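**Student:** Line by line, the protein sequences give chains B and W. Those letters in the first sequence? Residues 1 to 277, per this note's numbering, in order. Those letters in the second sequence? Residues 1 to 386, per this note's numbering, in order.
One should not assume that every hint holds.
Stated by the list, open to error - Residues from chain W that face chain B, not an exhaustive set, calculated with beta carbons under 7 Å:
1. A67
2. E69
3. P72
4. K74
5. F81
6. M102
7. V114
8. A118
No wet-lab data here; the hints were simulated from the structure. Fair warning: this is a prediction, and the values are worked out from it, not measured in the lab. Glycine included, each C-beta is placed from N, C-alpha and C at the ideal position.
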Amino acid sequence: MAPRKLLIKALRYLLIGVLVIVAGFPVYWMATTALNLNSQLYGTGQIAWPQLQNFPDLVSELGNVPIGLWLFNTLLIAAGGTILSLTLGSLAGYALSRFKFHGKGMVGFFLFMTQVVPEALILVPLYAMFITFGLLNSLWGLILANVGFSLPVACFVLKGAMDAVPYEIEESAIIDNCPRFSVLTMIILPLIMPSIAAAAVVSFFAGWNEFLFASTFLMDRNLWPASVGLASFVGQYETPMSAVLGAALVFSLPAIVFFLLIQRKIVAGLTTGAVKG
Amino acid sequence: MPALSFKDISKSFGDNTVIKAFNADIHDGEFLVLLGPSGCGKSTLLRMIAGLSEITTGNLLFDGAVANEWEPKKRGVAFVFQTYALYPHMTVRENIAFPLIMDAFRKWYHLPIVNIIARQRLMKRPDIAERTLKIARQLELEPLLDRRPVSLSGGQRQRVALARALVRDPQLYLLDEPLSNLDAKLRTQMRSEISALHHKVGKTFVYVTHDQVEAMTMASRIIIMDKGVVQQVDTPDNVYDNPANTFVAKFIGSPPMNLIPASVRPDGLRLMGQIPVDHGAEIPTRREVTFGIRPEKLELRVEGEGRIPAQVVVVERLGAETVIGCRLMTDKAGNEELLIEHDLVFVRVSGNPGMRIGQACSLDYRSEDVLWFNVDTGERLSLKKK
């Protein structure tokens with residue numbers, strides 16, 4: 001191999017290595033901190049490598065809080081929001097992709113607007129609405145609020161993918177005696193699975209990481225998602241840092257696994273229609 | 001009663017009218033070809049028959065009943081798309097069986113998830129499985145049944161599309177340029193296969209194409225369209241031998257019919273206003289006409305032996321025959337700017353006559369092979385015996 005090519009290759013690996021360290025170090029530091037004792041963190045100083053002998057202490061400390069329940073609540077909120085966003089998003093995306101109707105442009109505009117408005121801005125009116133409809137302190141209410149933000153993204157991602165499906169395939173199904181709804185469920189949706197996966201990831205993580213609405217709308221400690229539960233560790237006089245980071249690690253792991261499982265499909269989904277197939 | 005009738009059908013997209021007052025009957029069991037250049041409205045017409053496009057005005061009759069508002073399902077047609085429109089996520093077997101499965105679906109089978117289970121169960125139903133297999137055998141697709149469309153060649157995909165159309169045994173087959181994506185050799189093969197299929201099933205075929213060879217070789221009748229207007233409805237032979245106007249004369253045939261401007265003077269006929277020709281038969285009474293003759297009806301002769309003096313400009317050897325493009329020798333004939341195709345007169349001769357470019361020659365013809373056209377409207381003129 002020519003020296004120049006070798007140098008370029010070495011530089012490329014160096015750059016990748018730096019990026020991996022930049023992205024991975026917080027996770028490593030989170031794990032290391034979690035396995036340090038609070039006395040070390042606040043006293044003698046943190047040890048930079050994992051102290052595995054402290055693992056039982058971490059487990060007993062996390063045992064004092066309902067972290068399993070909080071994770072389950074988070075899963076309910078994230079999965080519920082994802083299912084609802086994908087269901088409504090595929091219907092709306094199909095309508096926007098295939099039908100001509102008055103106000104079509106306006107619908108697209110309003111969907112886009114939801115992404116522009118900051119969540120904090122609509123917190124107060126949403127709170128008032130939730131009181132009126134009895135949705136306060138309810139997981140369903142929180143799911144609905146999250147869907148308001150994740151649905152437009154899902155809708156746009158799916159609409160883009162549906163635009164790339166040739167009309168003829170759909171017309172062929174209609175000729176074959178397939179009703180419209182089944183054209184969507186049996187023909188179109190299986191063809192845009194990568195985009196569905198991409199939209200699912202966006203919706204799922206929006207629900208998984210959500211904090212603002214959850215901390216505002218949920219008062220009952222047993223309904224909290226993990227994000228709010230984690231924040232509750234921070235006390236006025238004391239913050240058990242190893243427990244916070246331990247809980248954060250437990251909170252992150254399912255999301256990381258979920259992402260690793262479908263990352264290939266996400267890349268395919270986000271680039272659908274970018275090049276002629 | 002015709003299988004299908006068009007009564008003053010028109011189709012507009014906003015202010016743009018793509019089909020104007022279309023009238024035609026399609027008879028039971030015939031192979032009707034809709035032929036015309038791109039954008040003439042032939043595919044739109046096919047989509048209107050299938051119920052995929054709305055009819056703006058006029059009536060479409062299926063066996064005498066007005067079918068304008070009928071759903072595609074009620075029309076009982078099969079449609080083969082130009083792009084084949086196979087379902088990419090299904091195997092060949094599932095693609096072929098899909099229309100049968102849809103016919104067997106109950107309403108609640110269409111529920112999400114239920115439809116997946118129902119489809120899998122119906123695929124195994126003996127009548128559906130057997131029918132699918134029978135059609136696959138008929139089109140030599142049996143070894144490919146468990147493959148997906150992406151792994152098939154163009155010809156194989158085309159056959160799958162045909163199989164999917166055949167499986168339901170409809171009364172009417174609609175084919176929208178199904179061979180246009182195939183290479184020349186495969187196209188010839190598939191042309192024969194589709195013709196054979198038509199003879200075998202004996203149903204009505206409506207076939208859209210812009211390829212005159214497909215139309216001439218497959219059709220029992222041809223409807224030639226241009227700019228949304230029917231130019232001629234006739235058998236392939238009649239369309240070729242007796243074109244209704246200059247558009248049809250130019251569109252059918254390769255090379256197309258030679259259309260030469262001619263003047264009728266008291267002293268006889270003059271081609272291109274200058275070349276006097278002793279026609280030897282009755283000529284139109286109009287002053288200016290278009291003189292039409294097919295390339296194979298012209299005779300190529302050595303200089304001075306024919307009635308029309310000419311010069312060889314193009315020689316195209318096609319193997320068994322040769323097409324020779326000649327320039328008629330008028331006063332302007334020496335002008336090189338006239339060396340463009342529509343100024344040339346083409347002669348088709350068998351074998352290789354050994355002509356060289358620039359060589360002087362002459363052309364001759366039999367007067368009964370000449371067709372006359374109105375120079376303004378392009379309509380064919382008939383010479384009525386007094």
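**Student:** Now, for every hint given, state plainly whether the structure supports it.
**Tutor:** Structure-based check of all given hints:
no., hint, result
1, A67, "violated (15 Å)"
2, E69, "violated (15 Å)"
3, P72, "holds (5 Å)"
4, K74, "violated (10 Å)"
5, F81, "holds (5 Å)"
6, M102, "holds (4 Å)"
7, V114, "violated (10 Å)"
8, A118, "violated (10 Å)"
The structure is inconsistent with the numbered hints 1, 2, 4, 7 and 8, although it conforms to all the rest.
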